[in-house]
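Trainee: Listed below are the residues making up each chain.
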Amino acid sequence: MRIWCYGDDINTDMLFPGKYTYTCSKPDEIKPHLLEDLDPEFAKSVQAGDIIIAGRNFGCGSSREQPVVGLKAVGIQAVIAKSFARIFYRAAINQGLLLIEAPEAVDYYQPGMDVELNPDVGRIRIGGQEFRFPKPPPEILGIVEAGGLLEYTRRKLKERTGRK
Amino acid sequence: MGMTFAEKIFARKAGKSEVRAGEIVFCKPDRLLMHDNAAAITDKVAKELIEFGVANPDQVVIVLDHTVPAVDEKTAAGHKKIREFVQRYGIRHFYDVGTGVCHQVMVEKGLVLPGMLAVGSDSHTCSYGAVNAFATGIDRTEAAALLLTGETWFKVPQSIRIHLRKRLPELVTAKDLVLTIIGQIGADGADYCSVEFWGDISYLTIDDRFTIANMGVEMGAKNAVFPADEIVKGFLTGIGVERSQWQEVWADPDAQYQQELVFELDRIVPMVAAPHKVDNVKPVNEFKGVEVQQCLLGTCTNGRASDFALAAQVIGRRKVAPGTRLLLLPASRSELEKALDAGDIQTLIEAGGVLLPPGCGPCLGAHQGVLAPGERCISTANRNFRGRMGCREAEIYLASPATVAASALTGKITDPREVL
Ligand code: SF4
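Line by line, the protein sequences give chains A and B.
For reference, each letter of the first sequence is one residue, going 1 to 164 in full-length UniProt numbering.
For reference, each letter of the second sequence is one residue, going 1 to 420 in full-length UniProt numbering.
Please keep in mind that the hints were generated in silico from the structure rather than gathered at the bench.
There could be a bad hint or two in this list.
Simulated pairs of lysine-lysine, DSS-like, Cα-Cα distance not exceeding 27 Å [what the hints assert, rightly or not]:
id, chain 1, residue 1, chain 2, residue 2
1, B, Lys44, B, Lys28
2, A, Lys26, B, Lys81
3, A, Lys31, B, Lys44
4, B, Lys44, A, Lys26
5, A, Lys72, B, Lys81
6, B, Lys28, A, Lys158
Note that the coordinates shown come from a computational prediction; the quantities given were computed from them, not determined experimentally.
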């Protein structure tokens, strides 16, 4: 597992250039352009289970959903940041990408440290040091685990009718 | 400790005695608005709709407004699909081509009332804060899920309190005020926040408040809201809504705010947002003499009878300058009828104005009034992003109806106080 570490105000154009907005919408079209202008290495070597650590206001800018779809498609386990922009935060949960707001943990992290994540209990371990973050409510974890809001909704409806 | 407007709304809707900013709650919005994008939304869950149906047909409102009358075969097919959907699932609140822009229709038909929670698959859903509703935009995925379950999640926002003092001067409007606020705090100045308006608001009409709440999202806000005072009550009585149908909500005086701001209204002057950002705001005088080829008077921001009345007052018996086009885009049929009765549409047409059907058309560059490369438009709409009116090489300036009318007269960006 690799940790990708970035700074403050990472906007949606850095995550996925606006010039591709109307030509790429499927996960496979998005993947090669992910973080293109920020870190060309990312798209080449990102692997499922990797984590992104970033500063304040991650995901600010436009409302396009490709950055979220792309990060989800390459298998990013979670983004840990000091804070997230509103539209990005919502879109991420709805697409099933786990976001964790943990400013102290971000400050503590130094390249090379181990990161271990346990969202169910609201805990991150970084280089042996433990950090707590407000545990996402079960429904939000449920959405993320289901792989997004639509999948979550489908399951809920099936359960309901199954019980009848 | 007291609660803000947003905290109270979500406590009520989630059935709790208290919630705090930052908490996540699940609740059932009173309204789910969709427009022409309902075709794409229902497509996402076509299979599930057949199996499970629509959770709450009365929650759903659909207004055809973005590409009306249909622009091409594709949009026509979308409209047809929506009409079939409405029939099949018994959606009562459906408004076909010509009724008006969705946000105006929501308010004037009494579909959103004080204390309600409304969501819509359009970012300017925040407009309903004018009538004391908590209203905010959502994405299409979420609208699709809502159709199936009637429920969604919310993170209770932090709040900002804006105090308004005194009155706006003659020919200075609510649009100039909201542009001033956005210019000062920036396009992300209220990011994720609920913005509450306090103070000397009794001078602001429902139309003024609509314009201000409408542009809440242009300062990043999740919603922007006014209390249900006598002005709101008078408006609701006027459209035939019974007092028993709604329960207003307002913040406690000791609620906690992330930020408090004060604006002195008597010092506001006509403002213009220059390309290509809404917070690129300066007084109109700094753009004096900039030539405009098109003037757009209308949209959900400023397409009401009162806006046409102000424009007609500025233009009077004079004519639009040669080389300039004046487009009139009413926010709804009912507002168009009022402006016709008042004689203001006649005045503007005699001056050279072109009347478009109530709807969105040129505002989003869908059709009617698309700009050419190198052209400049001054508009009463809410966004001046590059390419918004259909052409990347064109420029859009945002201003009040008075400033747009004055600019139509001279063919150049003009302070309305100089031509009246
Ligand atoms: S008039 Fe413009 S801003 Fe208003 S809903 Fe239509 S496209 Fe959006």
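Trainee: Evaluate each hint against the coordinates.
Mentor: Outcome of the hint check:
In summary, the hint linking Lys44 of chain B to Lys28 of chain B is supported, as the alpha carbons are separated by about 21 Å, within the 27 Å threshold. In summary, the hint linking Lys26 of chain A to Lys81 of chain B is supported, as the alpha carbons are separated by about 24 Å, within the 27 Å threshold. For the given pair, Lys31 of chain A sits about 22 Å from Lys44 of chain B by alpha-carbon distance, which is consistent with the 27 Å threshold. Restraint check for Lys44 of chain B and Lys26 of chain A: satisfied, since their Cα atoms lie roughly 14 Å apart, inside the 27 Å limit.
Between the alpha carbons of Lys72 of chain A and Lys81 of chain B the distance comes to roughly 31 Å, so the proposed pair goes past 27 Å and is violated. As the CA atoms of Lys28 of chain B and Lys158 of chain A are separated by approximately 20 Å, the hinted pair is consistent with the 27 Å bound.
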